[in-house]
Amino acid sequence: MSTKPDMIQKCLWLEFLMGMFIAGTLSLDCNLLNVHLRRVTWQNLRHLSSMSNSFPVECLRENIAFELPQEFLQYTQPMKRDIKKAFYEMSLQAFNIFSQHTFKYWKERHLKQIQIGLDQQAEYLNQCLEEDENENEDMKEMKENEMKPSEARVPQLSNLELRRYFNRIDNFLKEKKYSDCAWEIVRVEIRRCLYYFYKFTALFRRK
Amino acid sequence: MRLVCPSCLPGPHLRPQDPSRPLPGALHASPLLGVRFCCTPPRPTPPHQGCPGHRALATARYVKVKRRLKIAKMLLSQNAFIVRSLNLFLMVYISLVFGISHDSPDYTDESCTFKISLRNFRSILSWELKNHSIVPTHYMLLYTIMSKPEDLKMVMNCANTTRSFCDLTDEWRSTHEAYVTILEGFSGNTTLFSCSHNFWLAIDMSFEPPEFETVGFTNHINVMVKFPSIVEEELQFDLSLVIEEQSEGIVKKHKPEIRGNMSGNFTYVIDKLIPNTNYCVSVYFEHSDEQAVIKSPLKCTLLPPGQESESAESAKIGGIITVFLIALVLTSAIVTLKWIGYICLRNSLPKVLNFHNFLAWPFLNLPPLEAMDMVEVIYINRKKKVWDYNYDDESDSDTEAAAPRTSGGGYTMHGLTVRPLGQASATSTESQFIDPESEEEPDLPEVDVELPMTPKGSPQRLELLSGPCERRESPLQDPFPEEDYSSTEGSGGRITFNVDLNSVFLRVLDDEDSDDLEEAPLMISSHPEEMVDPEGPDNVQSSHLLASGEGTQPTFPSPSSEDLWSEDAPSDQSDTSESDVDLGDGYIMR
Chain A
267 MSTKPDMIQK
277 CLWLEFLMGM
287 FIAGTLSLDC
297 NLLNVHLRRV
307 TWQNLRHLSS
317 MSNSFPVECL
327 RENIAFELPQ
337 EFLQYTQPMK
347 RDIKKAFYEM
357 SLQAFNIFSQ
367 HTFKYWKERH
377 LKQIQIGLDQ
387 QAEYLNQCLE
397 EDENENEDMK
407 EMKENEMKPS
417 EARVPQLSNL
427 ELRRYFNRID
437 NFLKEKKYSD
447 CAWEIVRVEI
457 RRCLYYFYKF
467 TALFRRK
Chain B
17 MRLVCPSCLP
27 GPHLRPQDPS
37 RPLPGALHAS
47 PLLGVRFCCT
57 PPRPTPPHQG
67 CPGHRALATA
77 RYVKVKRRLK
87 IAKMLLSQNA
97 FIVRSLNLFL
107 MVYISLVFGI
117 SHDSPDYTDE
127 SCTFKISLRN
137 FRSILSWELK
147 NHSIVPTHYM
157 LLYTIMSKPE
167 DLKMVMNCAN
177 TTRSFCDLTD
187 EWRSTHEAYV
197 TILEGFSGNT
207 TLFSCSHNFW
217 LAIDMSFEPP
227 EFETVGFTNH
237 INVMVKFPSI
247 VEEELQFDLS
257 LVIEEQSEGI
267 VKKHKPEIRG
277 NMSGNFTYVI
287 DKLIPNTNYC
297 VSVYFEHSDE
307 QAVIKSPLKC
317 TLLPPGQESE
327 SAESAKIGGI
337 ITVFLIALVL
347 TSAIVTLKWI
357 GYICLRNSLP
367 KVLNFHNFLA
377 WPFLNLPPLE
387 AMDMVEVIYI
397 NRKKKVWDYN
407 YDDESDSDTE
417 AAAPRTSGGG
427 YTMHGLTVRP
437 LGQASATSTE
447 SQFIDPESEE
457 EPDLPEVDVE
467 LPMTPKGSPQ
477 RLELLSGPCE
487 RRESPLQDPF
497 PEEDYSSTEG
507 SGGRITFNVD
517 LNSVFLRVLD
527 DEDSDDLEEA
537 PLMISSHPEE
547 MVDPEGPDNV
557 QSSHLLASGE
567 GTQPTFPSPS
577 SEDLWSEDAP
587 SDQSDTSESD
597 VDLGDGYIMR
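Chains as they are written, first to last, in the numbering used here: chain A, 267 to 473; chain B, 17 to 606.
Keep in mind the hints are simulated off the structure, nothing from the lab.
Subject to a maximum C-alpha distance of 25 Å in a straight line, what follows is the list of computed SDA-like cross-link-like pairs (lysine to any residue):
no. : chain 1 : residue 1 : chain 2 : residue 2
1   : B       : K164      : A       : H313
2   : B       : K268      : B       : T317
3   : B       : K271      : B       : I310
4   : B       : K164      : A       : I363
5   : B       : K164      : A       : E324
6   : A       : K378      : A       : C447
Remember, predicted model here, so these are calculated numbers, not experimental data.
Using the sequences and the hints given, assemble the complete structure.
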């Protein structure tokens, strides 16, 4: 029947429009994005954990300290916006690392899921950041006079430190020639970093 | 393995094999297999043109070669298939071997299963050997973190332990860290096995449900959850307590908010329960987005029955009140609707519009059928005679027959000779027909009307008044419309009409026929009761003069009364008829 594919096409087109509409409307709310972000981040953590069942003890010899920026670890009440920026940067860097070298094919599935997850994270964060920018421009003038001294002392998170951190990871991989041990160590390290940011998303919610 | 095609045997026209050099058209298998085909047999050359002896030999050889060629092709195709499948199997096998071997490079001897769980807020690592034949005497546990290069540490409280679990609450304090654990089992001084595992507490930790107690009351249950008094700050996971209440297949989840640490005893009340029902309670921890939970065993309790009389009484009262309220609402609704006229409208129709009496209806309302009589109208030309307010009796038929008279009231009198159809007597009676508005046609000939007479047969002179008759309720028929006058064939012409005498006035001139009046009352109407009084007191006369032809003449099918209807609308019921002739009681009313 020649009419059926037309009907299906029309339906698809409608569905697509609806999907876009829904996605568009849903994506506007940053609070909702936080929920999605939290969920996606947790899924990524699970994927990173399930990639390898056991850790070879021999790889411990090659273990090094990547020195995650300490600002992350010391924050109790960080600025929401800075954290979001850092999270966004971290997502992009992790994505780059996981894209540059292909694992063995039986890890391909996990890798793809991680890449997709990290991309989604970046997407959600980007939208929220854009929204916050518009809000903050109005709020800045109001807050200038009300700024507490303690807030001024808290150092701003710089993405530079984060980029340096990921550079160290990348160099390590290249140094070890993308061996399995190196990949295992990198995997665990990125998971650790991601978990810190996952904890911070709880702060977004409470705020 | 090497396959040699039969036609590759050295012959005069075949080249020797050269395995090193790939021959044209050769099929080479994968070097992995070491299979190589030798050659494709070359094309046989056609027999030489030459001596017949040579020719015969050449032809035979050609045929042979061709046959061999065919066989070789067949074998090749078969072999190709075999070789291809062999190739495939080998590839799969090798890849599997390499793949599997690479998957677990060093731990093909993974012989332990580890499990770490939080029991009473203490991290307990437990293990189990897969190979149950190995029974070590004691174990040793070592661990390190992965965030920085550190040496393996031994867990002191599990050194040389005989138990297959270890409390690592004091050792593993961070949920961010990844702990690499090595378990070694000894039997004496010999190491029986060595297992390792990478733990990440945020994912790998399972949470065992806490201890709790339930106390059931009539309509509520008290749940007391026992937490340890001292809880490590470090190991505060993102946990939430869930209390599940089950009853008759319905499961309800309660998530009480616990402020501060989960320490000490915590009491939660499940209320709004049904007395005399069995309720089962289960408690467990839920960790953020994790779906796997460990539920505690159910603790069921049967609630004591409540005071039934109270509840029954209150239920009864409630029921009565509800019913009463509903009735009140309905009544008020109905009353409102009735008041606004939406329902139960009064049917106050007038009596005449009451069509319920259908049985009597046809009999009451139908007009009676009127007997139609045959009337022959004979025109007689008469001179117009203007009435000069002379009350002389114009009973002279001749004079009257001269011309139709006009009356002051606009009536034209036409003299008509009425002759009964059945009689051959000379015209002795004439009926005068008054046409209300025929002044315009004074020249209309008089029409003789033959009326069916009474049984007596004496023709009478009748005067037909048609004007007032039109005011009757019963349909009045003017048997002499103007057009009929004009349609006369001529003076003295005869026209036959069907006259409904019931619809015309008849006036009997009593100068001649006064005797006849009493003698022979002319019946006009077959329904004496149809006599209706026109306006004027004089017209209220008894109807002893009626013309009826019912008994004497057969009823001819008459045209409809509308044909004879006068188109002149009667102006009014004038009393000209009575003023014309002083007949006394000579008028016949309808």
